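Construct the entire structure; sequences and hints are all you get.
Chain residues, written in single-letter form:
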Amino acid sequence: MNILVPFSWLKDYLKTDASAKEVTKFVSLCGPSIERIHEVGGEEVFEVEVTPNRPDLLSVIGLAREASAILPRFKKEAEFISLNPEEFSEKGDKDALTLDVTIKNNKLCPRFTAVILDNVVIKESPEIIKKRLELVGTRALNNVIDVTNYSMFDLGQPMHAFDYDKITGHKLILRESKEGETIITLDGVNRKLPEDAIVMEDGSGRLIDLCGIMGGKNSEIDENTKRVLLFVQTYDSFKIRKTCQAISHRTEAAARFEKGIDYLGIISSLQRAVEMLSKNAGARVASNLIDIEESKYQKKLIKADFNKINSVIGVSIEKEEAKAILRSLGFIEKEPDQYEVPSWRYQDVEIEEDLAEEIARIYGYFNLPIILPEGIIPSGQEDKTFYFEDKAKDYLKHQGFSECVTPSATSAEILEKGENTPDKAIKIKNPLSKDFEYLRYSLIPQLLESIRFNKSNFEKIRIFELANVYEKTDKDKLPNEYSRLTGIIFDKKSTMLDLKGTVEGLLSELGIANYDFEQKNNQEADLTISKEVVGFIKSSIDGLMFDLNFKVLLKYVSTSNSYKQIPSVPSVVEDLTFEINKDEKAGPAINFIKTFSNEKISLSAELTDVFEKEDVRAITVKIKYQAKKENLSNDIVAKIRELLIKELDQKFGVTVKTA
Amino acid sequence: MVVNDILKAQSEALSKIENEKTLEGLENLRVEYLGKKGLLNILSKDIPTLTDKEKKEVGVSLNKAKSEITSALGIRKKELTNSSTKDNPIDLTLPGNIPPKGSLHITTTAIREITEIFKKLGFTRVRYPEVELDYYAFEALNMPKNHPARDEWETFFITDNVVLTPHTSSGQVREMEKGKLPIRMINISRCDRRQSDVSHGTTFFQFEGLLIDKGINITHLIGVIDYFVKHFYGPNRKIRLRPTNFRFTEPSFEIDINCALCEGRGCRFCKEGWMELGGSGMVHPNVLKAGKIDPEKFSGFAFGWGVERTYLMKSGVNIDDIRIMYRNDLRFLKQF
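Chains as they are written, first to last, in the working numbering: chain A, 1 to 659; chain B, 1 to 336.
Please keep in mind that the hints were generated in silico from the structure rather than gathered at the bench. Mixed in with the good hints there might be a few duds.
[Stated by the list, open to error] Taking lysine-lysine pairs in the DSSO-like style, the calculated list, with each CA pair at most 30 Å apart, reads: (1) B:145 x A:472; (2) B:145 x A:303; (3) B:56 x A:600; (4) B:314 x A:600; (5) B:238 x A:75; (6) A:629 x B:289; (7) B:145 x A:107; (8) A:455 x B:101; (9) B:238 x A:21; (10) B:238 x A:391; (11) B:120 x A:555; (12) B:297 x A:308; (13) B:297 x A:434; (14) B:334 x A:492; (15) A:429 x B:145; (16) A:391 x B:101; (17) A:600 x B:64; (18) A:520 x A:434; (19) A:492 x B:120; (20) A:477 x B:145; (21) A:531 x A:651; (22) A:624 x B:178; (23) A:455 x A:475; (24) A:242 x B:289; (25) B:120 x B:292; (26) B:334 x A:25; (27) A:555 x B:178; (28) A:651 x A:594; (29) A:555 x B:119; (30) A:319 x B:289; (31) A:242 x B:145; (32) B:64 x A:384; (33) B:334 x A:493; (34) A:613 x A:628; (35) A:303 x B:238; (36) A:622 x B:64; (37) B:101 x A:384.
What you are looking at is a predicted structure, and each value in this text was computed from that prediction instead of being measured.
Listed below in structure tokens is the structure:
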């Protein structure tokens, strides 16, 4: 997430001679990325991108601390001005106000801290507070609420202020919500809560806080507020996150709580806020400090093996320099080479590699050499799939097809238009919109959509896509995911035989020789290889389409070419025309000619003409008689021809007219 | 020796026919070789004086010579007839008849270029499921269920355990599970994320490099990425690393490349002279462990970048809305 940090505010905690531009450049190289400097009314405001592992940088003080470690590496002065980590100094009166707190489940809130203030006069905040809040994008409201917001941006600790007198019985119960409970939050929205949100109810049983996310309207500070309950907590970050997701609402406070806050920074934050409230609102501490620690802070120690750290980085950084870097970031060497992780980095730093990162980034990645790895190149061949995919794509491209890439999912409407059923398709649980809701199990619907889309601009369209489709399997199992190759020809001239020829050319390109087209009707034929259906060709009003199971095709592809000797003796070529009834198929007869070879002579046949008469078709093929060794005499050819004509008549009932 | 003479005459005739430029000349050649007083007839006059065996040999050669010369004459005659264009003026200012021109999708072209470069460094291309188990997409990558870091990947879920893979990093542990070391993998695949705006389409492509071997450190990551950048973008391009965070790499880097347009001065295409390429880092020990690799013995690095973005940054193609790539408008597709 990005946060805004005014340079002038940063200087509260950072004494430096670096300019805003220099801070931007140097901090970005070694720390968080400062995306840009906004100029707002003469103020330079940094926009900082903060990664989720660094909630400590979601504050002005955090950025100052980071900059103070980085800038000196670039010969810039930088001194970090820290807050006094002293204990809470204010003490309540004898007749102190009290709060009856019950925490139902100690995991929900590791540390519950609060103080009650009286004598509060609600008014506007001082100019500097109002201005700073405005610079970081928050509207100033009044002198109490502003302090809670200001503290969050300043120190990274979200806070909440209740009107003490609106809490019935001055009693609070912190617990998990029951599903369906509601609360009207400060923004006036009536929120229906999921199960397990962290909430607080007061003595009357009403919910007054959606903890860590937003306070309740019923207990808010208003212009008549006299007594304030100031609240600083830590919460179970997973619960905060889950609730935000469930109610689809994430506040600045929640964004910090869900990443984890500085456990040891709580008291100094509270102290700081109390000081501001007394200055800005005349507030007076009217209770003892309420500080319920449900779990004690455990120091986190990490071993630093500087040799190992150097082996991760790849250069030898002097031990003293590495130690100085860790110190500058707040890591404390407790025992030799044992470092205590600073409380504000508690969630982030876990292992030695984390220390390597800290040292390397401050040392400067730009100081590392460029080295190509040595070592052996792994053996093993690339999956041939890619080679054949490229071959198929190139072939189709050269046949005038344009390759499409359509999204993995589509709408019910497009599926139905393409004669696919949404019920058969895998449904996305959290679709972004109706346009992207069902995973496709065929490439056809989206390609048809593309035809419809392009029709208005093109008279001739040839498109294809080679991509995966997804078929339903058992729930929680991966779908059956495999690749298909689908193409559509849309123009006035192309015929089904053009389509079939395109597919045959493709198969030949992939080294597939043995296949059959099994015609189903006038519009459709299945492509089979070894009796296995691998796809179909089809004619429809939207165009001529082929749809092939590319995964199965891959079983039959081949790259090996065998060499057949080129014949040394001339061949004899002649035309042969036969007539066949219109409702009968001519393909088998033509194929038969090709098989009419013996040990001496082989025959090949090429279709040259189809002439439609009333109820018959005249099919002309060019037959090539190729002898293997000796020259062919007219007699030999005549004999074979005679035999061929006879068998064509007997087997296929076709009448041959010799040319 | 008659046979030799016949063969000589045949080859001489064939060569002359092939080189003949006019129909008249061709007729003269026919008469010269095949005419009544032609060369072949003259050669056949000696046949009666030969033995039976020789007669047969000469006969076969003679027939063959006649048939080849006849066929060659026929072919050449056709060629000469067709090429007589003097009388048929043609207007070559008219547009030519271009065969249908297809196109490959811009991502295919990009993927091929990227793969070629990494191949030279010994990386092998692989591909893993596009609909993937949550385990490989997140958990094995050091992101347990409900971890806030997951928010960076706007993920589509099919069930709680099955997702549309939001990144090619899902292939890391799958590759490790093959059990072969060292690893030099380049995984290129379709990915999907739950976002759609001018710079994001729900569907996009990523390529992921993974190198695991003994003694691999940050300088090697810089070496490989620098090699790619210099070969893909040009020898004058430079990279820089900035810190960032991914749960599955430690340390993690954002890789920037210097802007070619302003040469580092800063312009509207870059940020202060640098453009963001993508993320990378040293493989986290927990990820190695998930892939059954001992992090004490082996280390590695990984990077995963968008194919479209990487390619567009090279080609200088200025596309306002990246989603046009997947709208399949032929007016767009045919430009590539």
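Cross-check of the supplied hints:
1. B:145 x A:472: Roughly 24 Å between the alpha carbons, so the hint for residue 145 (chain B) and residue 472 (chain A) holds.
2. B:145 x A:303: holds (28 Å)
3. B:56 x A:600: holds (22 Å)
4. B:314 x A:600: Between residue 314 (chain B) and residue 600 (chain A) the Cα gap is close to 61 Å, so the pair fails against 30 Å, i.e. violated.
5. B:238 x A:75: holds (24 Å)
6. A:629 x B:289: violated (68 Å)
7. B:145 x A:107: It holds: about 19 Å lies between the C-alpha atoms, which stays within 30 Å.
8. A:455 x B:101: holds (17 Å)
9. B:238 x A:21: holds (22 Å)
10. B:238 x A:391: Violated: residue 238 (chain B) and residue 391 (chain A) sit about 35 Å apart, past 30 Å.
11. B:120 x A:555: holds (28 Å)
12. B:297 x A:308: holds (12 Å)
13. B:297 x A:434: violated (49 Å)
14. B:334 x A:492: Since the Cα atoms of residue 334 (chain B) and residue 492 (chain A) sit roughly 20 Å apart, the hinted pair holds (cutoff 30 Å).
15. A:429 x B:145: Holds, because 17 Å separates the two Cα atoms, which is no more than 30 Å.
16. A:391 x B:101: holds (17 Å)
17. A:600 x B:64: holds (20 Å)
18. A:520 x A:434: violated (36 Å)
19. A:492 x B:120: Measuring from Cα to Cα gives roughly 47 Å; hence the hint is violated.
20. A:477 x B:145: holds (18 Å)
21. A:531 x A:651: holds (23 Å)
22. A:624 x B:178: violated (54 Å)
23. A:455 x A:475: violated (39 Å)
24. A:242 x B:289: It holds: about 28 Å lies between the C-alpha atoms, which stays within 30 Å.
25. B:120 x B:292: Roughly 28 Å between the alpha carbons, so the hint for residue 120 (chain B) and residue 292 (chain B) holds.
26. B:334 x A:25: violated (42 Å)
27. A:555 x B:178: Roughly 22 Å between the alpha carbons, so the hint for residue 555 (chain A) and residue 178 (chain B) holds.
28. A:651 x A:594: The given pair, whose Cα atoms are some 15 Å apart, holds under the 30 Å limit.
29. A:555 x B:119: Status holds; Cα separation ~25 Å.
30. A:319 x B:289: Holds, at roughly 29 Å.
31. A:242 x B:145: Judged against 30 Å, a Cα distance of about 11 Å means the pair holds.
32. B:64 x A:384: Given pair residue 64 (chain B), residue 384 (chain A) is violated - Cα atoms ~49 Å apart, limit 30 Å.
33. B:334 x A:493: holds (21 Å)
34. A:613 x A:628: With a Cα-Cα distance of about 38 Å, the restraint between residue 613 (chain A) and residue 628 (chain A) is violated, given a limit of 30 Å.
35. A:303 x B:238: violated (36 Å)
36. A:622 x B:64: OK: residue 622 (chain A) and residue 64 (chain B) at ~23 Å, within 30 Å.
37. B:101 x A:384: Satisfied, since the Cα-Cα distance of roughly 27 Å is no more than 30 Å.
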